[in-house]
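Colleague: If you read the sequences in order, they're chains A and B. For the numbering used here, count along the first sequence from 1 and bump the result up by 80. For the numbering used here, count along the second sequence from 1 and bump the result up by 157.
The reader is advised that the hints may include incorrect statements.
Capping the alpha-carbon separation at 25 Å, the derived lysine to aspartate or glutamate pairs in DMTMM-like fashion look like this [as the list claims (entries may be wrong)]:
| hint | chain 1 | residue 1 | chain 2 | residue 2 |
| --- | --- | --- | --- | --- |
| 1 | A | K215 | A | D205 |
| 2 | A | K414 | B | E168 |
| 3 | B | K192 | A | D542 |
| 4 | B | K192 | A | D546 |
Here are some chain A residues pointing at chain B (derived, C-beta under 8 Å) [claimed, not checked]:
| hint | residue |
| --- | --- |
| 5 | V335 |
| 6 | L339 |
| 7 | E397 |
| 8 | T406 |
| 9 | L409 |
| 10 | F410 |
| 11 | L413 |
| 12 | A416 |
| 13 | P417 |
| 14 | W418 |
| 15 | G434 |
| 16 | F435 |
| 17 | I443 |
| 18 | F449 |
| 19 | W502 |
| 20 | V506 |
It should be emphasised that the hints constitute simulated quantities derived from the structure, not laboratory data. Since the structure is predicted, the reported quantities are computational estimates derived from the model, not experimental observations. Just so you know, even glycine gets a beta-carbon here, dropped at the ideal spot from N, CA and C.
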Amino acid sequence: MAIFRTDALSGLKIDKATENLVRWNVIAALATLAVGGLLGLLVVLTRWPSVHLLPLDYYYRFLTLHGIDALLAWIIFFEIALVHFTSAALLGTRSYVPWLGWLAFALMLAGGAVINVIVLMGGADVMFTSYVPLKGDPLYYLGVILFAVGALLGFIVFFINILLSKRDGGYKRTLPLGAFGMLAASIIAVLTLGHGAAIMIPTWLWSMDLIGTIDPAAYRLVFWGLGHSSQQINVSAMVAVWYMSSAFIIGGKPVNEKLSRTAFVLYILFINVASEHHLLVDPVFSTWHKIVNTSYMMHLAVLASMIHAFAIPASIEVALRKQGHTRGLFEWLKKAPWGNPAFSGMAISILLFGFLGGITGVIFGTEQFNIIRHNTIAITGHFHGTVVAGTTIAFMGFTYLLIQYVFRREIIWKGFATIQPWIYGVGVALLSIGMMSAGSFGVPRRHYDITFSGAPFSFTFDPSIDLFLSMMGVGGVLAVTGGVLYIVLSFGSIIWGKKIEQ
Amino acid sequence: MPQQDHRDIIEAPGVFVLALIFLAVFIVIWFAHLKWLMDVWGVQ
């Protein structure tokens, strides 16, 4: 029997059983971001040449785990929280299979824990990509499979809720736009996790010597169907969060909803081919194959991002103009609620995703340009512009809404909450620009020692890289400061925040 | 009967201007990369 409540702040009708799933997935997301962020600090302090903190083996281990915790676990836990939230609050439907939601959560938690322990114990020094024939501990692959199956089940719960809610008259013709965006993310997730199963299950069997060989080229191709496509789930979920934030905070409605929905469909159709980015210098695939994917089809996905990138600010402008801020071109921008961290988080995310992650993604993803940027730290700068400056800041902003709507707590330390997205945003922007600039001079990504000490041939980079890598280091420290503030504010509000009476 | 005004109205003129700025920045960075290819790495 479903028990609903009507939220006092948002007016949303929320299913209480699903609300608990949202809460625990958010808590798990926060915990994994805390670990991933701390590891990120240690990694950036090692790549900053004047600090060079960690010893060799711990550097590569922590780098691997930073990627897994901050790139996959934090974001996917939050996305599962988002699909439950859109199901419980936007559709106003009950959860038809809450037990499946909890099973999914348990599998993700178990898989994440196994991966963390195995990597820290040195059982998976094969890096994030785990390219065969490098072989890790079978438990590492098992952890990845458990986490992926858990995530898949989480998205399946969303599909079931959508289908049965329609049958029971939960919504009329089509889904609300936020739920539509999360549905697009979920469809991309199924495609992504299918690739993951197709490559990780055989690799797991191979790691136990049950299969003779795995073809390295096939591994690379299918792995990136998982590795990069998972970032496309993030893009779609982030855009859905932008639309929902605009609607919740200032009552923004898309200027042309059909166009926004079409853009989500473009994501589903074309965005997965962006995984070819990683294979642009791979000798196995033909130039024709690479160019068709990254110089033609990818731009249809970019077109979708451009539509969203202007549709959402336009919805904000129209809403604020309706509130009376009509003077000149930009009065609405001045009068926007910049002191609200949920709004500023969304706005900073849109700005940085567009200028840092988006522009560089299109440029670095082009075959001819990629040849000089491939495997340099410029690529790392690009994806910190998308996944961190874009997705993470958007999710941080939305957390401030979830704490009030779902945890029913007021945000503590409002002054700190107001500046948190700004500190984090400036930090990540410096980090990303520093990385991209250093990469322009050929500084490699991932590499522990760019002085190449002990190597048979000497190589010296342009001296300006010291400035750029210092910029990266300062930006990283600032971002971690903003990240710690976010974690403290979120957990502090959940535990000690004043209860919002219903 | 007053004549009906058929002019299009830009609902979000501020974002229209921001879009033009974004386009200009994109073009500048794109061509800066081309110049970088030619000047620093010697690509013809």
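Colleague: Any CB of chain B closer than 8 Å to the CB of L413 of chain A?
Modeller: For L413 of chain A, the interface hint holds, since the closest Cβ of chain B sits about 6 Å away, which is under 8 Å.
Colleague: How about L339 of chain A: closest beta carbon in chain B under 8 Å, or not?
Modeller: violated (13 Å)
Colleague: A closest beta-carbon separation below 8 Å is what the hint needs, so does V335 of chain A meet it against chain B?
Modeller: holds (6 Å)
Colleague: Once the shortest beta carbon distance from E397 of chain A to chain B is found, is it less than 8 Å?
Modeller: At about 4 Å, which falls below the 8 Å cut-off, the nearest Cβ of chain B leaves the hint on E397 of chain A intact, so it holds.
Colleague: Any CB of chain B closer than 8 Å to the CB of V506 of chain A?
Modeller: violated (19 Å)
Colleague: Hint validation: L409 of chain A versus chain B, beta carbon distance must be below 8 Å. Holds or violated?
Modeller: Nearest chain B Cβ about 5 Å off; hint holds.
Colleague: Does the nearest C-beta of chain B fall within a distance shorter than 8 Å of the C-beta of A416 of chain A?
Modeller: violated (11 Å)
Colleague: Take a quick look at whether K215 of chain A and D205 of chain A sit within 25 Å of each other, Cα to Cα.
Modeller: holds (9 Å)
Colleague: Measure nothing beyond the straight line between the CA atoms of K192 of chain B and D542 of chain A; if it is 25 Å or shorter, mark the hint as holding.
Modeller: It holds: about 18 Å lies between the C-alpha atoms, which stays within 25 Å.
Colleague: Hint validation: P417 of chain A versus chain B, beta carbon distance must be below 8 Å. Holds or violated?
Modeller: It is violated, given that the least Cβ distance between P417 of chain A and chain B is near 16 Å, above 8 Å.
Colleague: Let me know if the C-beta of F435 of chain A comes in closer than 8 Å to any C-beta of chain B, holds or violated.
Modeller: holds (7 Å)
Colleague: Between K192 of chain B and D546 of chain A, is the straight-line Cα distance small enough, at 25 Å or below?
Modeller: holds (23 Å)
Violated hints, in rising order: 6, 8, 12, 13, 14, 19 and 20; the structure is consistent with all others.
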